[in-house]
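Starting from two chains that each stand alone, build the complex the way the hints lay out.
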Amino acid sequence: MKLKKDTFLGYIRPDGQVGVRNYLLMLSGTLYANSLCERVADALDNTIAIVHPLGRCQVWPDIRLTFKTLVGHGKNPNAGGVIVVDHFKEAGCTADEIAHEIAKTGKPVEVVNIRRAGGAINATRDAMKAGLSILRKITNMKREEVHVSKLIFGVNCGTSDTTSGLSSNLVVGECVDMIVSKGGRAIQAETTEMMGGEDFMVKKCVNKRVAEKLLKAIKRMEERALEAGCDIRGTQPTGDNIEGGLSTIEEKSLGAIKKGGKSKIVDVVGYADPIGKKPGLYIMDTPGHGGESITGIAAAGAQILAFSTGGCHTINHPLMITIRLSGNKQSIQQMIDTTEVDVSDVLLKGTPIKVAAQRLYREILETASGKMTKAEILKEYNAFAIHRIGVSI
Amino acid sequence: MAAKAVLIDLHDNVATLISDAERGDTVSVTYQGKTKMRLKANRKIPFGHKIAIAPIKKGEQVLKYGTSIGVATKAIKPGDHVHIHNIESQRGRGDLIAAKK
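Those sequence lines, one after another, are chains A and B. Counting from 1, one number per residue, gives the positions in the first sequence under my numbering. Counting from 1, one number per residue, gives the positions in the second sequence under my numbering.
Since the hints were derived computationally from the structure, they do not count as laboratory data. Treat the hints with caution; some may be incorrect.
Going by beta-carbon spacing under 10 Å, a handful of chain A positions derived as facing chain B [claimed, not checked]:
(1) Met-141
(2) Phe-200
(3) Val-202
(4) Glu-222
(5) Gly-229
(6) Ile-242
(7) Gly-310
(8) Leu-348
Residues of chain A clear of chain B, computed beta-carbon distances all greater than 12 Å [said to hold, decoys possible]:
(9) Leu-9
(10) Ile-12
(11) Asn-34
(12) Pro-53
(13) Val-59
(14) Lys-129
(15) Ala-130
(16) Ser-133
(17) His-147
(18) Ser-149
(19) Val-210
(20) Ile-257
(21) Lys-258
(22) Ile-336
(23) Lys-379
From the structure, some residues in chain B lie toward chain A, with a derived Cβ separation under 7 Å [what the hints assert, rightly or not]:
(24) Thr-16
(25) Gly-48
(26) His-49
(27) Gln-61
(28) Tyr-65
(29) Thr-67
(30) Ile-69
(31) Gly-70
(32) Ile-84
(33) Ile-87
(34) Ser-89
(35) Arg-91
(36) Gly-92
(37) Asp-95
(38) Ile-97
We put the beta carbon where it would ideally sit given N, CA and C, even for glycine.
Same shape as in the complex, but just chain B (with noise of 0.2 Å):
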């Protein structure tokens, strides 16, 4: 089965599944209509969620809309589903200061 993903910034390194994806399924990513390349699925990925396009290691940054949307807290390979097991956000995270104190 072919799945199909968006990039929105060709600096990001997560593509957004727009349609589910079963475990090695090959999946195109396009950017603005035309297809950037193809990659197969390490995993079960819903509809909706992201698919790691390029190697990420642990204690990069995930980018999207070409921005960070936070940081890998394992090292991520092309085709991992990427959500909240493997990245974390930088902002508002009142637990790591409660935990300093």
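With the rest of the complex left out, here is chain A (with noise of 0.2 Å):
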């Protein structure tokens, strides 16, 4: 089917927001739940599982968090179902409250506590049964041609090294460019990362009130660094960037920032929280840790993320369609099978940036379609992190 320009195929939901996949979703709550989801989802037909190491005896800001976080994942339009799944009773993030924040979007979500169930075996009876019923509705819907305006594009890069800073971070940046210019949103994270690149992402800032916020989080990023009492070079920079060039987490800023393109910044948000309606490049304040701070990107809806890697990064979210870019021939030639778009030829031939931009663009909308990246295909789910600002009690 050709499609026409500007455009994916999509599963657009009650809530109107649009998926670029299908998934009956299993979503562990506590992870004592953990085992139970991806016994499921080993299962059932097009059912990925979400496990973490979180949900319980967290202090209550952090369990909030965490509770946000997953309730974010269920809304996220790329799972066309949900069963939420619990042991027994965790206090500010039930299996129960969970599912009531993601009924909200109209998706069919069902609970199973194991506890109530009866144990482990009744309980994966229930969300097996539950799990058939919600397949058969989702894989009826049927694909639909969108405008990339439904999109929300996430934007990330790790295991960076010099080449991320000089192409694969500025391919990116183009691509939210041209996204935002049509009319769609992005979000841009990694406040670490903005360390020593403040004069740059000010100019990018709608206005003072915007700049205000994102010079605060830059400022409360660094503090916490700070606080730990420690020099952050080997951690910021970490081992690999050093390996390849980066020497202080300014280099590494300001190559990082690039990301965001030349669009105007219209709004700075919280870890995992929803963004604006409004199109434009919005800022999540999250750690420079990847998976941590793309799992904040995919609690604020985005169905598909560019991952831009020097090094080649193995990164993939479960739910959250991850692209990885790299523009270093060496990297791409050791780490092929974790690398979807090369763009080394920008250094290597001197192609110029818009041109390589068509490429990941390109990529983004046929993977948008339906297209499997390579870590769908290995089954390569590794990035699910929750941000943590507390202690376990």
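In structure tokens form, the structure reads like this:
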């Protein structure tokens, strides 16, 4: 089927969001429901599990952050239906409360509580029965042609080297500009990697209020590093960054911030918070930890993410489809199974950024329409990580 | 052998290698596709790493993207490899605060 320019084939959800996948999501409310979610996802077709080590014995702001992140994933339009599982009762993060929020999207949602069901075997049976019925319903939905403005495009980088700031991040930035100029929204995160790039970022803010919000977030992140009482070198930049030629966090930041292109920053949002309806580039306040930052972006409803990686990261989010691109030929040759888009010709042959960006843009639309990423085919789900702001108690 | 490096901003005092350079190799430094200068690499510098294109005194800012990426911890000569052995970050340095306490 030949698509019109700037469109993709997506699943239109009852709340108007558009999914690029149509999974049944087995969403674990607490670590003690992880096995059950994985077992059911293994048993049923077209089903993925989201599991994590949290959801219990966290201080209140921290458990609410876990709650918000899990709700955001249930609401993400790439899930056509959701089954939330918990084992008994987690104050502030029960499966019932999580499902109640997700149900507001109008998509089918069920709850399985392992204790209420009468143990692991009965709960597995209940979840499989509920899953069977949800899958019969959602797999009857057809992909429809929708405009690219329906995309929430996440951008991130990791295992960066100096090629990231000189090629792949610029390519991602150009795609942000293309999608935003057509009425779409984009989310850039990783506040740590804005340290040293404040001047550039402030100029991109749509007004003074947004600029102040952004500067405050960057300052708070730096204070966190200072409070730790240690040198962040070795952590930021990471060992692989240093191997790739990045010497300082400032140098890493100045390359990393290019992922947002020239688009104006319309707002700054908290970790896993939803973004506004207005088209434009949004900044999400997250740490530089790749799994945590992309999990925050997925919770805000992004369907697809471009991950720029000079060193060719293996990262892939289970629900938000992750396209990895690299500008480093040697890394790509070493890690060909984990790289979807090669832009090494930017540095090696002088290919203009705009030309390489067309390649990524096409990959985004094709992937949004159903083309599988290498990580999806290999079932490499490794990047669901909820950010923490408190200790376990 | 000839090696290649790119200069990002005209104010920069370092350029980024886009091929490996052996000690003594001539490195041609380009800015927006045009050759800006040529200099010899004082030691082996790997792909993606930085080469100094101007003298940088100890304590002076190292500039890339036209912006400071840190400070030189020793004198750096043109052709030197510039990395964690001779520059350091000025941001997020909790170690400096801890040392003062």
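Quick rundown of the hints versus the structure:
no., hint, in the structure
1, Met-141, "violated (46 Å)"
2, Phe-200, "holds (8 Å)"
3, Val-202, "violated (13 Å)"
4, Glu-222, "holds (5 Å)"
5, Gly-229, "holds (4 Å)"
6, Ile-242, "holds (6 Å)"
7, Gly-310, "holds (7 Å)"
8, Leu-348, "holds (7 Å)"
9, Leu-9, "holds (38 Å)"
10, Ile-12, "holds (42 Å)"
11, Asn-34, "holds (34 Å)"
12, Pro-53, "holds (27 Å)"
13, Val-59, "holds (23 Å)"
14, Lys-129, "holds (52 Å)"
15, Ala-130, "holds (47 Å)"
16, Ser-133, "holds (51 Å)"
17, His-147, "holds (35 Å)"
18, Ser-149, "holds (32 Å)"
19, Val-210, "holds (21 Å)"
20, Ile-257, "violated (9 Å)"
21, Lys-258, "violated (9 Å)"
22, Ile-336, "holds (18 Å)"
23, Lys-379, "holds (32 Å)"
24, Thr-16, "holds (5 Å)"
25, Gly-48, "holds (4 Å)"
26, His-49, "holds (4 Å)"
27, Gln-61, "violated (10 Å)"
28, Tyr-65, "holds (4 Å)"
29, Thr-67, "holds (6 Å)"
30, Ile-69, "holds (4 Å)"
31, Gly-70, "holds (4 Å)"
32, Ile-84, "holds (5 Å)"
33, Ile-87, "holds (5 Å)"
34, Ser-89, "holds (4 Å)"
35, Arg-91, "holds (5 Å)"
36, Gly-92, "holds (4 Å)"
37, Asp-95, "holds (4 Å)"
38, Ile-97, "holds (6 Å)"
Of the numbered hints stated above, those contradicted by the structure are hints 1, 3, 20, 21 and 27, listed in ascending order.
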